[in-house]
Every structure is written in structure tokens, then in C-alpha cells.
Amino acid sequence: MSRTKGDEEEYWNSSKFKAFTFDDEDDELSQLKESKRAVNSLRDFVDDDEDDDDLDRVTWSGEPVGSKTRLGSIQSLSDALSDTSAKSYAPELGRPKGEHRDYSNDWSLHDTVRRLRKGKVCSLERFRSLQDKLQLLEEAVNMHDGNVITAVLIFLKRTLSKEILFRELEVRQVALRHLIHFLKEIGDQKLLLDLFRFLDRTEELALSHYREHLNIQDPEKRKEFLKTCIGLPFSAEDSAHIQDHYTLLERQIIIEAIDRQLESAGQTEIFRKHPRKASILNMPLVTTLFYSCFYHYTEAEGTFSSPVNLKKTFKIPDKQYVLTALAARAKLRSWHDVDALFTTKNWLGYTKKRAPIGFHRVVEILHKNSAPVQVLQEYVNLVEDVDTKLNLATKFKCHDVVIDTCRDLKDRQQLVAYRSKVDKGSAEEEKIDVILSSSQIRWKN
Amino acid sequence: MAFPHRPDAPELPDFSMLKRLARDQLIYLLEQLPGKKDLFIEADLMSPLDRIASVSILKQHEVDKLYKVESKPVLSSSEQLCFLVRPRIKNMRYIANLVNTDKLAGRTRKYKVIFSPQKFYACEMVLEEEGIYGDVSCDEWAFSLLPLDVDLLSMELPEFFRDYFLEGDQRWINTVAHALHLLSTLYGSFPNCYGLGRCAKMSHELWRTLEEEEDGETKGRKAEIGHIFFLDRDMDFVTALCSQVVYEGLVDDTFRIKCGSVDFGPEVMSSDRSLKVLLNAEDKVFNEIRNEHFSNVFGFLSQKARNLQAQYDRRRGMDIKQMKNFVSQELKGLKQEHRLLSLHIGACESIMKKKTKQDFQELIKTEHALLEGFNIRESTSYIEEHIDRQVSPIESLRLMCLLSITENGLIPKDYRSLKTQYLQSYGPEHLLTFSNLRRAGLLTEQAPGDALTAMESKVSKLVTDKAAGKITDAFSSLAKRSNFRAISKKLNLIPRVDGEYDLKVPRDMAYVFSGAYVPLSCRIIEQVLERRSWQGLDEVVRLLTCSEFAFTDITKEDKASSESLRLILVVFLGGCTFSELSALRFLGREKGYRFIFLTTAMTNSARLMEAMSE
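As you go down the protein sequences, you meet chains Y and D in turn.
Quick note on numbering: the first sequence equals residues 295 to 739 in my numbering.
Quick note on numbering: the second sequence equals residues 33 to 646 in my numbering.
Everything labelled a hint here was simulated from the structure, so no lab data went into it.
All C-beta atoms in this analysis are idealised placements derived from N, C-alpha and C, irrespective of residue type, glycine included.
Heads up, some of the hints might be wrong.
The following residues of chain D were derived to be distant from chain Y, with all beta-carbon distances above 12 angstroms [said to hold, decoys possible]: (1) D134; (2) R139; (3) D195; (4) L198; (5) F318; (6) I408; (7) Q453; (8) S546; (9) S594.
Okay, the calculated bits of chain D under chain Y, using three or more residues with CB under 8 angstroms as the criterion [what the hints assert, rightly or not]: (10) 224 to 238; (11) 535 to 542; (12) 627 to 633.
Keeping only pairs whose Cα atoms sit at most 27 angstroms apart, straight-line, the calculated BS3-like set for lysine-lysine is [as the list claims (entries may be wrong)]: (13) K571(Y) - K386(D); (14) K290(D) - K414(Y); (15) K625(Y) - K385(D); (16) K445(D) - K625(Y); (17) K606(Y) - K386(D); (18) K91(D) - K290(D); (19) K122(D) - K478(Y); (20) K316(D) - K689(Y); (21) K522(D) - K662(Y); (22) K316(D) - K397(D); (23) K122(D) - K414(Y); (24) K233(D) - K397(D); (25) K625(Y) - K389(D); (26) K571(Y) - K662(Y); (27) K414(Y) - K385(D).
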């Protein structure tokens, strides 16, 4: 901060300001010289010490500190202090800040902010007119130190009515951001919401209110709180999300109550065979859908816990639904359900297999859930791209698919190569041999 | 492999002094509370403390028991309690609770709070409000620079990123300025300063103020470090969002390097124990592979293993005397090397296993497509599927951000549908995460047309005008347009390669991303150092919407030696990644510079995303 010459002179000449003297208790200069000497002399001291990385580790368990002291290896500071010539090794920290006295109330604006930056106690009480307060704030902002800006804001918050404070901050964005962050940190939610309201920042107001639900553990209370969020001025898009959040938790509470009872009664097979690992409360929608596909797959649309009901209520896209249902049913090794998931009937009553996510994905998910080869094979066969199909079939050892595909491609070489990969004397080997010796096929190579 | 430095490369200053200084300050502070005392340490300070002080040192200064500051009630019976904490409100409430419980029980003890690296007025305010101001004494432990390696200084302040780039809180700028002031006191001032970013500019200004206030102290000292470069993280989010593929970066992405060390679990150690391993230049094996593209590391390690085997084998056919020599002189070194080798081989295997499982190849392909700007539709559906399958909330978010920044925002339809699916997959409360990301400019929606830009510039002229106040609110976040594509073109960030990019013999910094992309941050530094100014970079700076905040400040200094002029301190405000360090180390080797890095914290894509999550 360079002041102009004029300012400088005014500062020193003005009777209002007491020039600080070198015997001032917390005179920065002498303190600094000393610490600088300390730092410089440390150089030689430090260079000799090579013990740095060979320290014993600290345990953090609250146990008494280990009794083994390493003798001699580390020169402690107290040792160094007893030697007068080494006295300056001690970093100069001044006395504890709490003991500082603000002797003078008359620091200039500039020096007040400077003292604040140095962490010194400095009374701001003499800044009583609005103009003084705002100048103080401006000086702090110009200094760039956020800690000082906040210090001034704490003072302004205490000494100005909130309307005036808000009004002045509205045109001072840097300071405003500091106040908002400060209010968030100390948890003054009420003032924060007032501020957003004043600034007409409706969306932030709504989000800020909504954030509070994270602190509510009890599901019923959380649900009630979410209900109060529904009418808030979110963006149109977010409004829908908030509504969904509320509905989801409402459903989860119902499902949880019923299922907990079913599980403890021990009469339902699925819960006996697959006890629940965690409660469904506060889980994401997709997880809830998975849960529902796992425990309540066959339920009619009318029940809250049925997958179809969830799909409808939350407008879950087909792709997402199939993906989740597939994962759940595959986990239960319910291959019949998997089959049904992809079977569609056309108007003539013919069945056809369709997968909105692509059959290569289906195969991968099935494999992850260790589906048997017979099941895998069926879906590998449905993969349209021949290369992908062949890759997957090879990867998952669906021999029949590989063999048939090679035959269809009339790729003799690949088939011969594959023969070495199947077990000796197996049915696959036999099948390959039959094909290879067939005179019906016109091989391309 | 492990390129040597050019013979004329300057020596690095010795930073171990910083550790010694911090340790002595801490001891001094502990001595301020004479007698036996219990020490309560904030979790985040434990690892840094671990690097500079030992239990025996604490013990020597009459620390009786150690506790972690956490929500559990305390059962300390000591008459003196000392708290070593970051200046955070929740720590103040914790201490207040403890002191007030004592008061109610009619118990008197001595309390001391040591704030590191400094105290904040907001903290003191809480102490006052809780009625314990005066009951506790406060001190500051200005431990703001931890040397993590010979060329790396970390402030260990990961919260800097969120505080500044999301909340716009400038509280750490003073800490940065002080850290720089300490460096200039010890190693001389920096004659050539460059910077890019709003925070960079403020940090530089405040540091200058400190230097001026305490003029004379640094004047006599010869400058050891010739250049300093300040860089804001938001100038280049892209680099930080990419998957890392140099060894050290990959180790960080996979296992998380914390304060210069990593916990290798049983899967690495192939035993049932875990091991905490320091990763720095001291580890000879690591030092040779840390900056290498992962694809080279295997070959290197197996070569090393063969050499080691050969050296062991020499002992066959030795007579007794030779054997004695071998055991007393070489065996220890060989054993050490053996230990390190098996460690890193184990780490590589574990990384391979994890990466294969998560289809890393596909992921990298998508990232490269985003960087180059082709197949946007395909990349978008890749991300969509990631989300639908609940692969990982952080990964999904990272990819969306990468898409957004490279494309100057998502088109509204995609934004809406990805967001909806994200909330359905990972939880509705992430609504708040999206709001954060938008404010920080990491994940935005394309504005229809350019109407916004025109209005923005109009409004920015009127900011002090009261009437404009309400309009500015819409733009009050720190977010900016990224213009990545245009910048990339201008700075040639996507190298044109005929044939294979040879990762064994890198030709440019792009090797840290498999030859697909030169880190923007590093390119900017390279360009400015070459010119010693911003001349000719106006267009880039304009595209970064940072014209006001690109600066140079050159002090005519006749004392600066040619050696010092090849020593460059890069200050990353908001964190840097290991890939960036590798890229700049490479640049240094090419040009005969040495880089020193000062970062507010080491970061990577996951840490950035977590900092934004609610």
C-alpha cells in the first residue's frame, strides 16, 4: 500500500495521530529485526541437522507419549535456549496476542486495517459514522485479506441495522461474498435467508433453506421439512426435483416400515434368504428401484413398493429401468425374469427380443452376476454386430456361438484356430471337426 | 528413462530449513505453557506435524497425552490443555464446549489454542460469544510451508480451493503472502514476477506490501530464485480434471497420496498388512519412475529387477572374504532396493487390476475425444451410461465437468437430462452440488446465443451503480466462460502427431496425457517464460477472460546470477496435480531450468469434485 506523499505528511503532522515509537510494546520493527536475525542464523544451524526424516512416528490414540526418548540425536529448543549465543534461534513470536493492549484508539484508517491484518487487537469502536464504517470496509477490501474483511463485517453487522448493512453490501460484491460465507460458517441461517431475500436472490434463498434438511436425521421430520421446501422459488426444473425428493422419502418410509416388519416376522422367503443389508431410507431413486426389483418384483402396480409404480411415479426412462431390473434379477439368478424383460410380442403374437440398452451390455451385466454359459450364450447370440458378438463369445467361452459364427462367416482359419482353445475330446471339438469336414460349406479361406 | 538434468541446471535451494523453523516455532509455543499438558490435535494437522516433529520432541516439551480433535467427549485429567487446530468455527465450538463443561463442573484448568497457520477473527468472535474469551490463550503457529520434496512446498490447505473459488472468501491470501515473504527472507526476493488470475494478482500485491513494510530485511540478500509465477486454478480446470497417467499421478488417483506419503494396502503388499510409504526423491526407484508415462514403468521395473538379480547372483563363487565384504557393504543397499522394487511392482499390479476392471481404456478414449472436441454425442452417452449404472458419483461428475468446460457449457437439453439422471442415481441432495459447480464455473448450461456476453460487459461497466446491483447478481459468481476450444487452438494444446506418439522419448509436455494434450497451465508458464512477459499472448488472456489479471512485475536486479534466473518458483493457487509437476519438470530438463513448486495443496480431479460436493 503506497500512500501519496501528501497522505504521509498529513498522517505524521496531524495531531490526531500519535506516531508510534520504537519502545512501543509491540513495535513491529524491532520484533521483525530480531526474527529475521533468528531466521538467518537458523541457516547454519539447520544445515548441520540431518536427522529430519528419521523421526519416530506419532501415535494419535491418546495414549501417553512413548517413554523412549532418543538421547542426543535431536537438539531441542530448550537446550538451544540455555546457550546464550543460540538464543536468537528461537523464532520471535512476540507475546501471546491476548496480552496485547490497544493503547491507542487513534490509528489511522490505513494503520487500523494494517494492524488487523497482523492479527492485533484493534478497537473499531471509533468508526461510528456510516461513512467511516464504509471507508474502513473499503480499505479492508483494498488490502485483499479476507480475514480483515470479515473482521470489519463482524463489526458492521453489530453496529448497523441489517437493512443498511444489506443495502451497502449489495453494491460491494467482494464484501458481500465474505458476509455470505461468514453467515454460512457460523450457521446464522436466519440472517442469511434475510440477506438473500433482500437481494432478491430467490434461488439461493430456496437452496439455502433446502440445504438444512441434511441436518435432520429423523426420517419423518426430514420428510415434513422437505414438504416445506416444495413451494419455494426454485427454478422450474429444480422444483420438480424437490417434489420428487419429497415423494421418494415418503415412499421409502412406507416401504421401510412394512419390510422391516416382514423381515422380522420371518415368514417371507425372500427376506429370509436375502436379509437386508441396510435400510432403504434416504437412498437414491435408482437404489430404491433396485431394491424394489429385488424384493418386490412381482407386486402389482397398485402397491408403493412395486417397481412399476416407482417407474411411473418418477418417470424413470425405459433404459434406466431395464438396466436396474436386469441387475437385480440377475443377482437373484432369476433367469426367467431376465428373459421376460427382453421379450416383446408383436401384434401377430410372435415374440421378439429387444433391449433398449444393447445386448452387449446385457451380456456384460449377466456375466458380472456369474450367469451360466447357457444363459449368456442366448444373449451373446442377440448381439447384432458380428465382431462384438465374436469377441464377447470368445471372452465368455460361449463355444457354440463362436463355432456357429465362424461357420456362418465361412472363416475356416479362425475355426481351426479356435479348435486349439477348446478341451480335447469335448463335444465342441467334435462339433468343429464335423463342420470342418463338411463338404457343404464353401470356405472363404 | 528418468532423464537426467542438464549439466548446467541450477541447484535447488535447501528447503529443509523450513521444517526446522516450523518445529522450533512449535516448541517455542509449547514452552509457553510450562509443565505437563495434554495436546489435542486436529486430524488435518496430524500428517503435516508428522513430517516435522516426533513424539519424543513433544515429550521433551512435556506433552503428556495426545488426542485427536473429534466429536467424542474428552477424558483428559491434565491440568493444562493445549489445542493445535486449523482456524475453523467447528473447532472453536468443540473447545468452547469443553471449557464450558469444565466451568459448570467448577473445574479450573489452563487452556491454550494454537492456530495454524493463523487465527481468524471469526474464530475469536465465536470464543467471545461462547463466553470463554480470556479463559483460553491464543497463539499462532505460522507453519504454512511444508517441504514435501526437494522441489515441492505445500501449504497443506485443501480448503483454499473451496473457500476462494466457490465462496469467494479471500482469507488465505494473507497466508500465501506471508509464506512468500518467508521464502524471500530466506532465499532472497524474486526479481521477475508473473501472474495470471484474480487471486494471483491479489496475492502478489499483498506480498509486495509485506516486502515494502519490512524493507531492508531482504534487500541485502542475493536472489536465489530468479522468477516467480502465480497461477489461479480456475485458469485451467481442464488439466486438473483429466485422468492422470504418469506414475506419480496415477498412484495419487488410485491410492491418494497424503502429505507426501501413501498407504499401500494388503493388495499392494501381497500380505495382510498395510504400509505407509514416503514418496519423494529419496526413494531411488520411485524417483526414476515418478514422471514416467505408466506404459514405461513396467519395462523399467523389470529391467531393474533383472539387474538386482544379477547383483545378488554375484555372490555365487565368492570366497569367504569377498562374501564378508559383500554382506557388510552391498547387501544393505541391495536389500533396500529390493524392498522398494517389490513395493512399486506391487503398486503397479494393483493399479493395473483396478484400471482393467473399470475399463480405463474406454474412459481415456472418451476424455481424449472431449479434449479434441469430436464425437460429443458419443461421449455424452458414455457419461450418461456411467451415471445410469451408478459407477461412481465422483467420476460421473468429473466427466460432466470436463464436457462442460471443453464445450463452453452443456446444451440445455443435455444439462437437464444428465442432471436428472445424476440425481436419480446418486441422490436428490446433489441438487446443491450442481448449484456449487455452476457457481464455480465447472458445470454450466450454455446460454442461448451471445446475449449474455453483451449484457455482461454492459453490466460490468455499471457495477458500482446501485441500479445495476440486482442485474449483477446473476453474474455475481466467479464463474467465467471457458473458451477452451479457442484457447486450445491458439496455444496448440492438441499436438498433431504423425503415427505413434513415442511415450518412451517424449517430445513435449503432452506425454503426461499420452501425447493427447499439453496441460494448459504448463503451456502458459512455458510461453510467458520464453517471452519474459505476456507480449503476444493478449488473445489467450482475453479468451481466459483474465485481461485485468495478467501481470508482470520486473525488478531491475543486477545481483541476479544467471543461475538464479533459471530457477523458477511456480505458485499454484487452489492446488496443482502431479501431472503438472511432471510436465514442468520435463520442460525444465528441456530448457535447462529447474522448477520449484509451491501449492496450496496437491490436488486431482477427485479432490476437486469432492470439494464441490454436498
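Each hint tested on the structure:
1. D134: Fine: 18 angstroms to the nearest Cβ keeps D134(D) off the interface.
2. R139: holds (19 angstroms)
3. D195: violated (7 angstroms)
4. L198: At about 9 angstroms from chain Y, L198(D) fails to clear the 12 angstroms cut-off, so the statement is violated.
5. F318: holds (14 angstroms)
6. I408: Correct as stated: the minimum Cβ-Cβ distance to chain Y is 19 angstroms, above 12 angstroms.
7. Q453: violated (7 angstroms)
8. S546: holds (24 angstroms)
9. S594: At roughly 23 angstroms from the nearest Cβ of chain Y, S594(D) sits farther out than 12 angstroms, so the non-interface label holds.
10. 224 to 238: Since 4 is at least three, the answer is holds.
11. 535 to 542: violated (count 0)
12. 627 to 633: n = 0 at 8 angstroms, threshold three: violated.
13. K571(Y) - K386(D): Holds, at roughly 25 angstroms.
14. K290(D) - K414(Y): Status violated; Cα separation ~34 angstroms.
15. K625(Y) - K385(D): Answer holds: K625(Y) to K385(D) is near 23 angstroms, not above 27 angstroms.
16. K445(D) - K625(Y): violated (34 angstroms)
17. K606(Y) - K386(D): violated (37 angstroms)
18. K91(D) - K290(D): holds (25 angstroms)
19. K122(D) - K478(Y): It holds: about 12 angstroms lies between the C-alpha atoms, which stays within 27 angstroms.
20. K316(D) - K689(Y): Distance of about 40 angstroms is beyond 27 angstroms: violated.
21. K522(D) - K662(Y): This hinted pair is violated, its Cα atoms lying about 46 angstroms apart.
22. K316(D) - K397(D): violated (33 angstroms)
23. K122(D) - K414(Y): Between K122(D) and K414(Y) the Cα gap is close to 23 angstroms, so the pair holds against 27 angstroms.
24. K233(D) - K397(D): Outside the cut-off at roughly 37 angstroms; violated.
25. K625(Y) - K389(D): Given that 27 angstroms is the threshold and the Cα spacing comes to 19 angstroms, the pair holds.
26. K571(Y) - K662(Y): holds (20 angstroms)
27. K414(Y) - K385(D): The hint is violated at about 55 angstroms.
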